Amino acid sequence: MTPTTATALVLTLTLAHYASLAAAAGPRVIIVGAGMSGISAGKRLSEAGITDLVILEATDHIGGRMHKTNFGGINVEMGANWVEGVNGGKMNPIWPIVNATLKLRNFRSDFDGLADNIYKEKGGVYDKEYAQKRIDRSDEVEENGGKLSAKLHPSGQDDMSILAMQRLNDHLPNGPTSPLDMILDYFKYDYEFAEPPRVTSLQNVVPLATFEDFGDDVYFVADQRGYEAVVYYLAGQYLKADKSGNIVDPRLQLSKVVREISYSRSGVTVKTEDNKVYKADYVMVSTSVGVLQSDLIQFKPQLPNWKVLSIYQFDMAVYTKIFVKFPKKFWPEGKGREFFLYASSRRGYYGVWQEFEAQYPDANVLLVTVTDEESRRIEQQSDNQTKAEIVEVLRDMFPGADVPDATDILVPRWWSDRFYRGTFSNWPIGVNRYEYDQLRAPVGRVYFTGEHTSEHYNGYVHGAYLAGIDSADILINCAQKKMCKYHVPGKYE
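Under mature numbering (1 follows the signal peptide of the UniProt record, and there is no 0), read the sequence shown as residues -24 to -1, 1 to 469, first letter to last.
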């Protein structure tokens, strides 16, 4: 018997041990976390008749990483901002809620003019024709990577990094080294996955299921109600809300920081930081994989080794959207100017910019996105230091313009926040269906959900939404149909 087969057998037997438990009438379920996945799971459970719920949310609001805040007189998004994957063969389940049901203000993001808007390190733009050639070559390599990816064994045993694929295609064999190639590579991969090509799985992102399934278009949500309105709408389907849409249902309890989850054959006990104790038949844990990797929540008994390993194998990436406000505009506007790049000799240094002529007229606000190591570095310094660095970069980009000092800045600190420990998951090299099955698999009466448990759409809002439904269905099968076995096939089966 191979090690992977043995692991699969142990997991099957562990879960099958609970299959003989009779499902009590009207089981009580605790949901840990009121982000998209937790709220989605609660909705699915309620639709199945499981309404004896309590949702424990660590913060003072629902929505999790979908969260608006006021900045310079407008509401902007701290986390998720786009509906990604629209106008394709399938319908992204988030799109009709945003565009038709709630009618949130949204704008199609147009990246076609990018070759016109790549700024040199010390000012001026790159020649459009040359920049477009480099973009076209990068696209060609990615297309070849997609063909290679389709031939790899589904287990992930032949997986490789995106960087390795680039080398196989004689593209930037030592990695991108020129400022132009670095920012184009960063825009294509880091800006999407929040980690560099050298650590990102080819097999899981090329081609990317979100765009293959739902379409290539992305829409930026810029509504003063916030993108979180989607979560409030879903919550309002089963939780009591007032006329303003605020959830007033006592089953939702905010500012409840879960610190301990005890589980046995007879049920679960959840303890919060304020020394409250909650008992139930099942618990659904919807925290981020970053939180699962931390010591915020203690499981008693400890989770089995196969579960711990599956949690630790995934990456929790950091994607930081920094909003900066100025007393006046000094940047180009107009068609094809919404996105522009800064080609620094330092990879990922304030590289991807967005202006809001359409979304937030007259707000004089720019957005610059950083990721990974730059995100962590910036989180450790003062906002004033970050503001100074940004103004220096902009003065280098626009040497002939009168670039004033910024009046305000918003720097989210997802990595430092103990309730998130990052922004979204990224699948490392070689991690595939087997590890995903283990990550999503319940441990006795403890169930798991979150964007990281979405096999094809991790990291996306629709992935979080669909993951909540999928995990709830697993719990429903056990609680109502006595189908408690969750079989994880061996990695190479």
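Heads up, a few of these hints could be off.
[To be verified] Using C-beta positions, here's what the derived DEER-type ranges look like: (1) G221 to K127: 43 to 51 Å; (2) R371 to K311: 24 to 32 Å; (3) T383 to F83: 22 to 30 Å; (4) D384 to S321: 24 to 32 Å; (5) D36 to K104: 46 to 54 Å; (6) R113 to T45: 36 to 44 Å; (7) R84 to P375: 28 to 36 Å; (8) L230 to D338: 31 to 39 Å; (9) T383 to K104: 31 to 39 Å; (10) D146 to T45: 43 to 51 Å; (11) K79 to K276: 45 to 53 Å; (12) D146 to L230: 51 to 59 Å; (13) K96 to Q133: 37 to 45 Å.
[As the list claims (entries may be wrong)] Within a straight-line C-alpha distance of at most 16 Å, the following computed EDC-like cross-link-like pairs (lysine to aspartate or glutamate) qualify: (14) K164 to E236; (15) K252 to E236; (16) K311 to D88; (17) K255 to E236; (18) K66 to D193.
These aren't lab readings, by the way, just hints derived from the structure by calculation.
Here the structure is a predicted model, which is why all the values come from computation and not from measurement.
Note that the Cβ used here is the ideal one computed from N, Cα and C, for glycine as well.
Verification of the supplied hints:
In this structure the hint that G221 and K127 lie 43 to 51 Å apart at CB holds, the actual value being about 49 Å. Taken as a hint, the range 24 to 32 Å holds for the pair R371 and K311, whose Cβ atoms sit roughly 26 Å apart. At about 25 Å, the beta-carbon gap between T383 and F83 stays in the expected band of 22 to 30 Å. Range check, D384 to S321: about 29 Å between beta-carbon atoms, so the 24 to 32 Å window is met.
In this structure the supplied range 46 to 54 Å holds for D36 paired with K104, their Cβ-Cβ distance being about 48 Å. At about 40 Å, the beta-carbon gap between R113 and T45 stays in the expected band of 36 to 44 Å. Look at R84 against P375: about 32 Å separates their beta carbons, and that is inside 28 to 36 Å. The beta-carbon spacing between L230 and D338, approximately 35 Å, falls within the hinted interval of 31 to 39 Å.
T383 and K104 have their C-beta atoms about 33 Å apart, which keeps the hinted 31 to 39 Å range intact. Hint check: D146 to T45, Cβ distance near 46 Å, so the stated range 43 to 51 Å holds. Taking the beta carbon of each, K79 and K276 are about 47 Å apart, inside 45 to 53 Å as hinted. For D146 and L230, the hinted distance range of 51 to 59 Å is satisfied, since their beta carbons lie about 55 Å from each other.
The beta-carbon spacing between K96 and Q133, approximately 43 Å, falls within the hinted interval of 37 to 45 Å. For the given pair, K164 sits about 40 Å from E236 by alpha-carbon distance, which is inconsistent with the 16 Å threshold. Of the supplied pair hints, the one linking K252 and E236 holds, its CA atoms being roughly 11 Å apart against a limit of 16 Å. For the hint pairing K311 with D88, the CA-to-CA distance comes to about 10 Å; that is within 16 Å, so the pair holds.
The suggested pairing of K255 with E236 holds, with an alpha-carbon distance near 12 Å, which does not exceed 16 Å. Of the supplied pair hints, the one linking K66 and D193 holds, its CA atoms being roughly 12 Å apart against a limit of 16 Å.
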